[in-house]
Every structure is written in C-alpha cells, then in structure tokens.
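S.K.: Listed here are the chains, written in short residue letters.
2 protein chains.
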Amino acid sequence: MQEAISLALKGSFNVHPNPKVGCILVKNNEIIGKGYHKEYGGHHAEVNAFKYCIKKYGKAKATKLLFGSTAYVTLEPCSIFSKTPPCTSSLIKYGIKNVFCASLDPNKKINGNGVKILKENGINVEVGLLEKKAISINHDFFFRHKKGRPFIRMKIAQSLDAKIALSNGESKWITSKKSRDDVQQIRLACDAILVGSGTILKDNPRLDVRKNIRNLNERQPKKIVLGSSFLKRQNDIKILKGTAEVIVFSKEFSSYAKEGNLIQIPIKKSTTLQDTLKELGKHELNSILVEGGSKIFTSFIQEDLVDELILYISPKILGKESIDSISIEPPIILSGAKKFKIYDSMLVGDDIKIIMRKKNKYK
Amino acid sequence: MQEAISLALKGSFNVHPNPKVGCILVKNNEIIGKGYHKEYGGHHAEVNAFKYCIKKYGKAKATKLLFGSTAYVTLEPCSIFSKTPPCTSSLIKYGIKNVFCASLDPNKKINGNGVKILKENGINVEVGLLEKKAISINHDFFFRHKKGRPFIRMKIAQSLDAKIALSNGESKWITSKKSRDDVQQIRLACDAILVGSGTILKDNPRLDVRKNIRNLNERQPKKIVLGSSFLKRQNDIKILKGTAEVIVFSKEFSSYAKEGNLIQIPIKKSTTLQDTLKELGKHELNSILVEGGSKIFTSFIQEDLVDELILYISPKILGKESIDSISIEPPIILSGAKKFKIYDSMLVGDDIKIIMRKKNKYK
Chain A
1 MQEAISLALK GSFNVHPNPK VGCILVKNNE IIGKGYHKEY GGHHAEVNAF KYCIKKYGKA
61 KATKLLFGST AYVTLEPCSI FSKTPPCTSS LIKYGIKNVF CASLDPNKKI NGNGVKILKE
121 NGINVEVGLL EKKAISINHD FFFRHKKGRP FIRMKIAQSL DAKIALSNGE SKWITSKKSR
181 DDVQQIRLAC DAILVGSGTI LKDNPRLDVR KNIRNLNERQ PKKIVLGSSF LKRQNDIKIL
241 KGTAEVIVFS KEFSSYAKEG NLIQIPIKKS TTLQDTLKEL GKHELNSILV EGGSKIFTSF
301 IQEDLVDELI LYISPKILGK ESIDSISIEP PIILSGAKKF KIYDSMLVGD DIKIIMRKKN
361 KYK
Chain B
1 MQEAISLALK GSFNVHPNPK VGCILVKNNE IIGKGYHKEY GGHHAEVNAF KYCIKKYGKA
61 KATKLLFGST AYVTLEPCSI FSKTPPCTSS LIKYGIKNVF CASLDPNKKI NGNGVKILKE
121 NGINVEVGLL EKKAISINHD FFFRHKKGRP FIRMKIAQSL DAKIALSNGE SKWITSKKSR
181 DDVQQIRLAC DAILVGSGTI LKDNPRLDVR KNIRNLNERQ PKKIVLGSSF LKRQNDIKIL
241 KGTAEVIVFS KEFSSYAKEG NLIQIPIKKS TTLQDTLKEL GKHELNSILV EGGSKIFTSF
301 IQEDLVDELI LYISPKILGK ESIDSISIEP PIILSGAKKF KIYDSMLVGD DIKIIMRKKN
361 KYK
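Going line by line, the protein sequences match chains A and B.
In terms of the numbering used here, the first sequence opens at residue 1 and continues consecutively.
In terms of the numbering used here, the second sequence opens at residue 1 and continues consecutively.
Okay, chain A solo, but in the shape it has when bound (with noise of 0.2 Å):
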C-alpha cells in the first residue's frame, strides 16, 4: 500500500479536481500490475495497473496472472460511470480476488458502494490499510466532499504594522521576491485562486502561475472574482486572457462579457459567502486560494470561512494612512478574539512565513 500511495504522488496536481490514486496488483508475492491516475479524465488507477501488466505480460498470460491476484489501491474503486467506466467492473471482469483499498471515497455516490459491488461479487475486500496517510494525500478532496465547499487557504502578505498597501495602493513588493515565488507553488496546489473585483480593477493580476514553476502540461488554476464591476473595462483584464476559466458571482448579468472562459453566476442580495462556497463546491473546486483584497479577507475572517491562514509578514513598517490587511468587527472581550493556531512558520527570502489552521481544524 505504501507503494500504492507513492505512485499515487506521481498525479500531482494534474488530477484536480479528481482525487491522486494509486493500485499495485500482486500475484504470488509478486507485482505484476501497477498504475495511478495521471490526469483529470484519463484512465483510473486501477485500469492503468492492468494495462501495465497486459503490456508487460502480454494479453494472454496477463489475463491468467490477473485472475486470482490482488489490489491495493489508495482508495475505493468508484463505482459509478463518470469520465471512464467504473473501475469495479474492471476488477470483475478480471477476476481479482483480494482487494485492499486505504480509505473510502468520499464522494457521497460512491461512498462504500463500491466496496458494496465487489462483495457482492465475491471478491474479498478489506478497507482501512494505511488509510490516514492516503487520506493525507488528498486532503483538500476529503474536505470537500465532507464539508461541502472548498477548503479555503488564505494568503496575505503584510509588513509588521499588518498593513497590504500604501494608501495610494502601491504594493509591488511589500514582501521579497523569494516569497512571491513562495507563493507560485500555494498558487500551483490549490484548484482556484479567488480575489475581489476591487484587487482586479486597481492591480489587474494575471493570478497565474508562472511557466518556469509548473510542469508544461499543468493547467493553471481558476480564477473566481466576487463582483462584477471589473468586467467594465475588459478589454485590459488580464485575468480573461488567460486560459483559465473565470467564474464571476455577480447580483448584476454584465452584458459585457463575452468572452469565452468566462462564467457568471447570479448571486442575490441574500447570498451568503457561505452559500457562494457551496456553489464553488458544486463546481468540484477542492481548494481555493484567496489573495485579497482588505474587504475580501475581513469578510472570510469575519464569517469564519479561513481554513489555513499563511501569512508573509515583511519586516517593514507602512504607517497609519496605509490599508489594513483584515479588518474584522473586534471582540467585545479578549477572550472572545478569532483565534488561529500556528502549524508552522519559516524564513523566506526577508521575511517571516507564518502557516496557521483554524483551531477547530478538520479531521
């Protein structure tokens, strides 16, 4: 299994917003098949694991050395016909005999249907085989099935006075070129970058990641935007040139946008942030990264939707004039303030990296 999970890294980030998977196949103390899922609508683990050994063995003695052997894959063989057919057929028709998966998927279609059909199909089948570690390894898909929306990472980059711009909007560069760079790779693990539609009319970010960080067939991530006023002046946006799809939430339709990877959703007046995530987790976003601005960052602190707060903190002082990073309601007593618990911190470059996760983190 821990080979499984290995290979299961191989994925990366190419099969968001899928889970990374990984199967071994063992015959006779042997491994004669093994596969992961390499990227989003590709062939699953388990199909690949044969195909590996068709390949090596040849049709013929790969179906015997099939029949009978076992599985270890990282998680439940889906059950459902989706991008591919279900992997549980497969395991059928091949006539494995053991199967051993990590944990159970999820996703509420399938979740322990699988394990279900290959019982009832007379196969042995054992969950629960290093199940935290493979659980690890996809923890922003387990957080979205459970919770229902994406896990959030936050990320601010701030100087000691918590302060993200001068009054003036200058901000190019409150923190070092070593954590910008930081950055590229948050931006490269997470399914969305979200920022407000006031981030995107003052800087215009392209909230890409860079060619020299991310494998060449990496896709970048999406970009959402809360509000629409941005879209006025679309033509210089360079979030809508990218290849990235746009999802913009919006109480106006803007007759503006026209372009092609741009999607709007209507939100109503009574339309919470909360209610916003979930739309996002519908559209199987597993994790979004949110970059600004001060208004966007008050507002997902204040409604307690930070799962991971990473702070960059330059050892700089801006003065009083100059934009508060997060700027939430206070707490009428001490004890009664937002609190975070500190996971880990580093130097980076100048400055001081700071990860923290909700106290009440999930398990």
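Hints are computed from structural coordinates only; laboratory data are not their basis.
Keep in mind it's a predicted model, so treat the numbers as computed, not measured.
Mixed in with the good hints, there may be bad ones.
Any copy will do: because identical chains look the same in the list, a pair fits if it lies in one copy or spans two.
Stated by the list, open to error - Listed below are the simulated DSBU-like cross-link pairs for lysine-lysine, each with C-alpha atoms no more than 35 Å apart in a straight line:
hint: 1; residue 1: 358; residue 2: 339
hint: 2; residue 1: 320; residue 2: 147
hint: 3; residue 1: 320; residue 2: 146
hint: 4; residue 1: 27; residue 2: 10
Go by the hints and put chain B onto chain A.
M.R.: Leaving out everything else, chain B in the frame of chain A:
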C-alpha cells in the same frame, strides 16, 4: 583567552552597567590564578585572579609565582579610580611580564590608557586575541560607549492584525504564558525598562523580573517613565513600591514625588527622544527595553531609535477599533518604508517570536 571569556560570562547580569570581564594568570604553562568581575562595585577580574593565586599558594609563593607571569584579560585593564583602584597598578605591582587583552576598553576615560600605562612600565602588551568574541559578550556596554546612548530593545506583543489592546484597553493577555515568561528573560538582560506614563496609568505594571526567573541577588532593572502624569496617583503605583530606581522624564517637576527611589529629570519642550537617550547613557545604562505603549512604540520607530525589535505575534485577530502597535507617518513610496532585518524567529508557546535588528546595525 577562551577560558577567560568563559569565566567572564559567570558575571552574568550582576555586573551591570560594568562589562563582564575574566582574567587568567599563567606561569610556566600552568594556570596560577583566575578571576572574574562578579558584581557591580566589587573587585575587577584581575584583582580576583591575584586573590585566587594568593589563596591557593600563600602570600610568599604567590608573590614569587606572579612575578614574570602572563595575564590574559578579556578587556583592557582599567587605568582609573572608580569604585576600585586601577587594575593597571596591581599588574605593575605584582611584576606581571606579559598582558594579552582581547579588546580595548571603549570607555573614553580608559580607551588605550590602560595599555599605555602598562607599556610605560615595561610590560609587554598585546591587544586583539579573540577580540570579536570578547566584544560580543558585552555588546550593550560597547554600544553605549561608542554611540553615547543605551542600546534600545523594543518588545511588542501584538495580534495578527498588529493590535496591542482592545479599544477599552484590555490587553491581558494577547500572547501566551510562555511568551510572557520569555519576556522576563529579556527584562533580566536589560539595565532598564522604559514605558510611557499612559501605560503606568492604564496597566499599573510592576515591570519587575519575577523571583523564579532571577537569582536571588540579581538586581531588578531600573524603570524609566516618559511623562509624569502617573505621579498624581502615586499611592497606587506599583513601580514606586519596588526596590529599583524609577527615573521620570517630565516637563513639569511633580511635587507629589516623595519616594526615595524616584529621580525626576526635567526636560524642555525642545528635548528630543535622542536627547533623552543620551541623558540615560550618562546614567550608565547600557541597554533599555522599551515596553509600551503605542505612542512610545511609534515615537521610537519614527525616530529610528530601535536597535533591536522583538515581536511576539499571537495568532489572534483583535479587529478594527483596537489599538495599533505602531502608528507612524507612512512613506511616500513603498521603497521608502522603514525596514528591519529578521535575525531569528521561533515558536514560543502559541505565538511566534521574531527578532529583528536595524538594517544598518551596530558593528
């Protein structure tokens, strides 16, 4: 000399404002005497080394042994009468042949004179053995003599949004107990603690080092207060009840002040913070720990008078009406922002501690 430096360190915090000094006496490759400066007002290292020798060998044999011996001293022997007679005289009297000192004494009254007197009396003197190390153990002492003012450490305990208290003044406690214990260690290493009059009125702190932290005989740091408004309430004021001297800088002389350990230093309207620090340098304070409040933090930062900034950041958010830690005038452009250099950082309890120094740091 390494041995002499190790000895010097035994003097720890009891020698303030004197430097820590160690001395080793060698004859025929054997150590015949060793001593260190134990406490302010007591014998200097050289004299203690002679005493050690006499105690060990008896007066007659010691006199014989000392004649023609070599002394290793971590600091230039003093040439002036202060609390004790000059050490140069003792070295001459006992007929020491060679003196190695790690560094010159930065005190302008000595600085090279000790060496000169020894040389004039036929003693071979060499300066510079392990100089850097010897200077580093008395960093603040050297700083004061070179710059004419104490080394300024500033400690701030703040939230993620850089607040030090709620708007109602509640600040107990933003950081965890381990962080507050850690501050006790910093207090112990400083000659004085400085706060604003407002902090005394608001929090009425002791500003003491707790008994369990310091050794029985270690002195409490002096207290310095900028402003005298708190003296109107002197019956309640805790810092006036302690044993340590309280130095108050104020534009008005307060007739309320009758306590024995209170010193009032009048200042003019034109007196700058820099002037005040020079005055404290004359009071032989090598280092000052600035502990609050917001106005004091702001003034020191605004005037570039913070040599070391120690920040404890608690992973809490205090919100918008709460009190800012530092509130200086903003720079016109971002590259003009005041900067520190991160020197070290660590987790302390639930918080993170960041130690920063001025970019143009003392060499």
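S.K.: Hint by hint, say whether it matches the structure.
M.R.: Each hint, compared with the structure:
no.: 1; hint: 358 - 339; result: both (7 Å within a copy, 31 Å between copies)
no.: 2; hint: 320 - 147; result: between (39 Å within a copy, 30 Å between copies)
no.: 3; hint: 320 - 146; result: between (42 Å within a copy, 33 Å between copies)
no.: 4; hint: 27 - 10; result: within (24 Å within a copy, 70 Å between copies)
This entry satisfies every hint, going by the numbered hints stated previously.
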